[in-house]
Amino acid sequence: MDILYNVADSLRLLREKRPLIHHITNYVSINDCANITLGIGASPVMAEDIDEVQEMVSFASALVLNIGMLNPRKLEAMIVAGQQAVQKGIPIIFDPVGVGATKLRMDAAHRILTELQVTVIRGNLSEIKALLGLSSDMHGVDCLAEADNGREIAQKLSERLGCVVAITGRTDVVAYGSRVCSIYNGHALLAGITGTGCMTASLIACFCSVTNDPFIGTVASIATMGIAGELAEKRLTPNEGLGTFRVRLLDAISTMNPENLLQLIKLS
Amino acid sequence: MDILYNVADSLRLLREKRPLIHHITNYVSINDCANITLGIGASPVMAEDIDEVQEMVSFASALVLNIGMLNPRKLEAMIVAGQQAVQKGIPIIFDPVGVGATKLRMDAAHRILTELQVTVIRGNLSEIKALLGLSSDMHGVDCLAEADNGREIAQKLSERLGCVVAITGRTDVVAYGSRVCSIYNGHALLAGITGTGCMTASLIACFCSVTNDPFIGTVASIATMGIAGELAEKRLTPNEGLGTFRVRLLDAISTMNPENLLQLIKLS
Amino acid sequence: MDILYNVADSLRLLREKRPLIHHITNYVSINDCANITLGIGASPVMAEDIDEVQEMVSFASALVLNIGMLNPRKLEAMIVAGQQAVQKGIPIIFDPVGVGATKLRMDAAHRILTELQVTVIRGNLSEIKALLGLSSDMHGVDCLAEADNGREIAQKLSERLGCVVAITGRTDVVAYGSRVCSIYNGHALLAGITGTGCMTASLIACFCSVTNDPFIGTVASIATMGIAGELAEKRLTPNEGLGTFRVRLLDAISTMNPENLLQLIKLS
Chain P
1 MDILYNVADS
11 LRLLREKRPL
21 IHHITNYVSI
31 NDCANITLGI
41 GASPVMAEDI
51 DEVQEMVSFA
61 SALVLNIGML
71 NPRKLEAMIV
81 AGQQAVQKGI
91 PIIFDPVGVG
101 ATKLRMDAAH
111 RILTELQVTV
121 IRGNLSEIKA
131 LLGLSSDMHG
141 VDCLAEADNG
151 REIAQKLSER
161 LGCVVAITGR
171 TDVVAYGSRV
181 CSIYNGHALL
191 AGITGTGCMT
201 ASLIACFCSV
211 TNDPFIGTVA
221 SIATMGIAGE
231 LAEKRLTPNE
241 GLGTFRVRLL
251 DAISTMNPEN
261 LLQLIKLS
Chain V
1001 MDILYNVADS
1011 LRLLREKRPL
1021 IHHITNYVSI
1031 NDCANITLGI
1041 GASPVMAEDI
1051 DEVQEMVSFA
1061 SALVLNIGML
1071 NPRKLEAMIV
1081 AGQQAVQKGI
1091 PIIFDPVGVG
1101 ATKLRMDAAH
1111 RILTELQVTV
1121 IRGNLSEIKA
1131 LLGLSSDMHG
1141 VDCLAEADNG
1151 REIAQKLSER
1161 LGCVVAITGR
1171 TDVVAYGSRV
1181 CSIYNGHALL
1191 AGITGTGCMT
1201 ASLIACFCSV
1211 TNDPFIGTVA
1221 SIATMGIAGE
1231 LAEKRLTPNE
1241 GLGTFRVRLL
1251 DAISTMNPEN
1261 LLQLIKLS
Chain S
2001 MDILYNVADS
2011 LRLLREKRPL
2021 IHHITNYVSI
2031 NDCANITLGI
2041 GASPVMAEDI
2051 DEVQEMVSFA
2061 SALVLNIGML
2071 NPRKLEAMIV
2081 AGQQAVQKGI
2091 PIIFDPVGVG
2101 ATKLRMDAAH
2111 RILTELQVTV
2121 IRGNLSEIKA
2131 LLGLSSDMHG
2141 VDCLAEADNG
2151 REIAQKLSER
2161 LGCVVAITGR
2171 TDVVAYGSRV
2181 CSIYNGHALL
2191 AGITGTGCMT
2201 ASLIACFCSV
2211 TNDPFIGTVA
2221 SIATMGIAGE
2231 LAEKRLTPNE
2241 GLGTFRVRLL
2251 DAISTMNPEN
2261 LLQLIKLS
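Protein chains in written order, with our numbering: chain P, 1 to 268; chain V, 1001 to 1268; chain S, 2001 to 2268.
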């Protein structure tokens, strides 16, 4: 299948190009995001002061905006960084962490989606639902009962915002206009460690920075994370738990190759 | 013993209820605190901006206030978050990191203890001594020579502030009014990795969110951390050091069950 | 050789004295820096608010200033902390992360090097080159073509600023006035995890806090990190990758002893 070849090829390209991935993100998973970015074969940078983000983004090949642990200063820096990314034509990955929970985050999401053209949004089902409600307000339409499952919700939001929308969870869904894909990789233990969503957004940025097709880049990233989770779990022995799983997850990311990605990916 | 049954039962409850634990904490151990919260079976959230903490705490079942890497903005957010926690009736766990060392932290502790009714204070001996001195000033009494060992110091502070006081160290002590308990679990390697105190505070929040008795919740948490340290150390092979110990610690937390807690706990 | 004996002796002293090492640093590697500081046998503290850094540094035996994720508030705190360190006579280790990339960092480096007498600068080749350019501007001299390899560049900057200059990379170089030394330890995997540069700066602070000779302290630290990387890599099995490497790195640091340091160090 063409999509599978492209997925595997994007990993090959990523390892070859070592793109620089700029993050403005929360401090819970910032170290994990840096390590997974390095692990997959790219380079991370995490500047967040408004006085330097424009310059720093000018060296980058993709930008991650993650609103976990947000504050007003960081939001301003995200907008400036995002404007530079748009001008430079590099992908922006938006991770709307906890977006439904507080007004600060809803307002931040509104500003980001109004002022920037993001390339990919990755969230869990409730976050993407919150954005769908927000986009209904933005576009003056009613979102009630307009979608009732992940695929429909992702497609609706994708159409409305003109970007890739990924919902990660038990089953992952990626939608981009008329294209939609479900990914069946992953393991329940991934929900037992912090930052797997944030790390997935880092991977999306890595992959999307080396492919012109953000749908393929997003599918490749989410499959890579899911497969890494499966491999990490498989190697656990009794007495080993979430500590070892975390270590093995980064092991699996850093030893992933296009062949096992192709072999283990489960799409429909 | 009743206390042992209650300790084991609180772990059972915790795993069943998956409470949401809000943290405002330092950035050194924030990732470790999130992972131990997930590891024991709860969910962490780490918002800290004054504009969103009230809303976020309204979803939570306990609140951790940790004054490591404090700044004035964060202190204001702690007060707002704490007021919401008090109003909601959820436990507040106060971790007075480095409280004796600087005026900023002494003033912060004074404000927290004056403006909020905290449920549990967990510190090392010198931090709890510093708070006893502070509380003497607050209450206009002399603290000199009023207590000369951990049990007495913890009891004195507990009486004065009307909350559980835990001193963690070589031997751990938990006091609440007339109830006092020493815990003999743990391993010296726990002092060799950063954030074990902070992680213990996270565990206290987890356990106290599911039991009405914060004395039991605190004893259960400290015993859990100590036992996890013992198990983690036991599995070390030669050549393995603090890196592997950290991994095994989270392994032991995530695979801990009420039975081995009951079997390994050492109290008096 | 005298230098080897002194290197091994500084590790012995460090384990004995357990110095307190103050850091003002970025949030990507802050946890790793705390753990490596503990791992080698010292104690970390990470306060960064301008209202408390002076007091906190007064307890410390060395100060690390790292300009990753810099912001103006943190820079002010660095200056205040640095002034206290200078007054107290404890070593200041300056890690000019990403210094060539943005005006904010160039200005910060200029202020730090103008207002403080730092003891050791540790950077990669491009960072040290950027500082050499900066120092040329500061001293009104032309830096073009004045140095064309690591040893010369390090020596030139060392002479100009009167401090130890270390360039870490494939081969590490340490220069201090007329003394210069290349270190051939290390492994390529060290570049695959985040924060190894920052952690090396923490080690330099640890070692320099217990020796009067910052050249020796810096050589000892960089050799320790390199040797730990070699040992960590040697123990990897197939399927293990960067996750396990990180764990083994901290294992190797925490189990390092003067004897294997002496045995494995490669200098010229």
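Hints listed in this document are in silico derivations from the structure and should not be mistaken for laboratory results.
Hints may contain errors.
[Stated by the list, open to error] Derived EDC-like pairs (lysine to aspartate or glutamate); straight-line CA-CA distance at most 20 angstroms:
#, chain 1, residue 1, chain 2, residue 2
1, S, LYS2103, P, GLU55
2, V, LYS1103, V, GLU1076
3, V, LYS1103, S, ASP2213
4, V, LYS1103, S, GLU2016
5, P, LYS103, V, GLU1159
6, S, LYS2103, P, GLU152
7, S, LYS2129, P, GLU76
[Claimed, not checked] Pulled from the structure, derived: some chain P residues nowhere near chain V, Cβ distances all over 10 angstroms:
#, residue
8, GLU16
9, ARG18
10, TYR27
11, ILE50
12, GLY68
13, GLU76
14, GLN84
15, LYS103
16, LEU113
17, THR244
18, PRO258
19, LEU262
20, GLN263
Quick caveat, the model's predicted, so the values are computed rather than measured.
Heads up, the beta-carbon is just placed ideally off N, CA and C, and yes, glycines get one too.
Notebook entry, point to check: Among the hints numbered above, which are violated by the structure, and what are their numbers in rising order?
Noted result: 3, 4, 5, 6, 7, 10, 12, 15 and 17
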